[in-house]
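Student: Here is what each chain is made of, one letter per residue.
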Amino acid sequence: MKKRLIYLLIIQIISLTSCHKWLLDNEVASKDPFINFHYLWNEVDKKYAYFELKQVNWDSIKIAYHSKLYYGISEDTLFTILGNMLNQLRDDHTNLISPFNTSRYNVFVQGDDNFEYKTIQQHYIRESEYTIGGFKHGFINGYNIGYIRYGSFAISVNNSDLDFILERYKNTKGIIIDLRENSGGNFVNIPKILSRLTDKKILVMYNRTRNGTGREDFGPYEPFYISPSNRTKYVNKPVIVLIDRGSYSATTFFALASKAMSNITLVGDKTGGGGGLPNGGQLPNGWTYRFSITQSYDLNKINYAEDGVEPDYYVHLDWDNRSQDQIVDFSINHILKK
Amino acid sequence: MRSLFLKITLAVALLTRATVSYSQPAYIELGVAPGYSLFKDNATSPLFYKGNTLSITGAWLLPKKNNEKLASINYTFGKHSNSYNNTNNSARFYNLEFSYLQLYLINKLSSKKLKVKIGAGVISTLNIRENKALMNNSLGIESISNILFSTKVSKPIFMIKHKKSTLVDELSLILNVGIINMNYRPGYAYNYMPSIKDSHVKNMTDYHFSLNGFRLNSTIQYFKQLQNKNILGFSYNFSAYNAPGKYEPFSYSRHCIKLSFLLNYK
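Protein chains in written order, with this note's numbering: chain Z, 1 to 338; chain P, 1001 to 1266.
Calculated directly from the structure, the hints in this document are not laboratory data. Treat the hints with care, as some may be off.
Claimed, not checked - Lysine-lysine pairs mimicking DSBU-like chemistry, simulated, CA-CA at most 30 angstroms apart: (1) LYS46(Z) / LYS1050(P); (2) LYS1113(P) / LYS31(Z); (3) LYS1132(P) / LYS192(Z); (4) LYS62(Z) / LYS1246(P); (5) LYS192(Z) / LYS338(Z).
Every value quoted in this text rests on a predicted model; they were computed, and no experiment measured them.
Make a model of the complete structure from these sequences and hints.
Tutor: And the structure:
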């Protein structure tokens, strides 16, 4: 019996130490350019959300870029080919990341530059500027209007910060929320701000997520509502939101939601887009990637936000006159007319 | 009716007294287990992430002559990495596990020198992984639960101390195999970003239960009886599971060596 037990012990130790090799799936780590190309192409094919909206022929893109590959290709060249293939999606939520480079489409550099904060500081809010959390804010010089700059949705919105800011401007004729060149971040911050600008629950958009291998396979339209906050609010007064081509991702979502709120007016340029939530993954060679997997829709279930949300009024900066921000000037006049 | 109630109460009281008078040991176990584990979540990466872990275990053990019960809670944490092709990505890994096993002595297969027990149990695991390289999929969460078929083969080892007392150490092999394997994994798009839905931004909105996969858990354990009736335990444990989910599988395995102290509180 003792011998049997010893044998059993030995068998178990030997089998267990090598167990995971036959129990678990095989690893497919590979630097082979063709394996990595197919892996990336297939992932995008299975999950990307905007083939139809952007009229992207992913199959012909595969043929075009596959023909550029060859064995012995350098990592740099492979990266360029894969990155350029992804850029055919015209989507800044799509990136390829390696230890030596990051690919991006750069929608922002293809649009006009419409923001210079120094002009705001020097000629509009001057010494009234306060900084709190991710916000810079102040009274617009000579007018009873509040100016609030939120530069990045990546900076968490603190409720007590919003209480302070909205309390400061409670007696103004209107406020300007400046989201130009706000390239996005965490969209948890969107309802935090918008819930302070309404006193009733409002349906603001729909979203749906890719859920199958067919390029038009999506889940149901998920409605998104903004519910009024029970803290300090700014309602029944005009709110101007400034946007431009540098307003991306969460800022595009914010602009899309603002379209559904009657007290908010969008001024500036079309947002950069980024109306799809991205995912994230890794290739067999260790490089990482992401691309959009959801679609956002307005209240009429029209899908345009990925290409950018249009302002209610198009206004551009005149770079020959650095002492004025024509977009802010337009917004001041718009508030005063109300 | 009243007399029947009194008889039952009396019977229960006598039984309880009898149990007390033949009190079996009961242990509370505290243990630490350094280990090495690896995982692969095919939904986000075809590569294995590997690293050292540390587990902290708390358990309640009730061994009786013909059966034994074991309930345990296990917390494991560690950092796993993959450096393939100089990419140097790492994931923080947290794992919380609850299990309960009940084993019964099989007299036909047992002797004084070898005890064979079989039984069943449940185990439930929650994994939380954070890999910033995966950007909007940086957070990985899954829950895996299994109903186990369990076997334990033990060999008592008699150690004579000071000619008077005989302490019984025990060497055991324990094998648990999942017979019903459940997992709760993300949906097709696999996005752990919160969803824009209803009035709130919600997490984990597209998760699915699946009944598939496997789980294997095997332990070689040596219990050394101390003169004060407590126990020192040394064990090697290997566990592995695969959760295919509805779309893409998650695989995990861990080797660890556990040192534990079992306090006899009866």
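Student: Each hint needs a verdict: does it hold in this structure or not?
Tutor: We went through each hint and held it up to the structure:
Restraint check for LYS46(Z) and LYS1050(P): satisfied, since their Cα atoms lie roughly 28 angstroms apart, inside the 30 angstroms limit. At most 30 angstroms may separate the alpha-carbon atoms for a hinted pair to count; LYS1113(P) and LYS31(Z) exceed this at roughly 55 angstroms. As the CA atoms of LYS1132(P) and LYS192(Z) are separated by approximately 25 angstroms, the hinted pair is consistent with the 30 angstroms bound. Distance check on the hinted pair: LYS62(Z) and LYS1246(P) sit about 28 angstroms apart at the alpha-carbon level, within 30 angstroms; holds.
A C-alpha spacing of about 26 angstroms is found between LYS192(Z) and LYS338(Z), which places the hinted pair at or below 30 angstroms, so the restraint holds.
Violation of the numbered hints given earlier is confined to hint 2; every other hint is satisfied by the structure.
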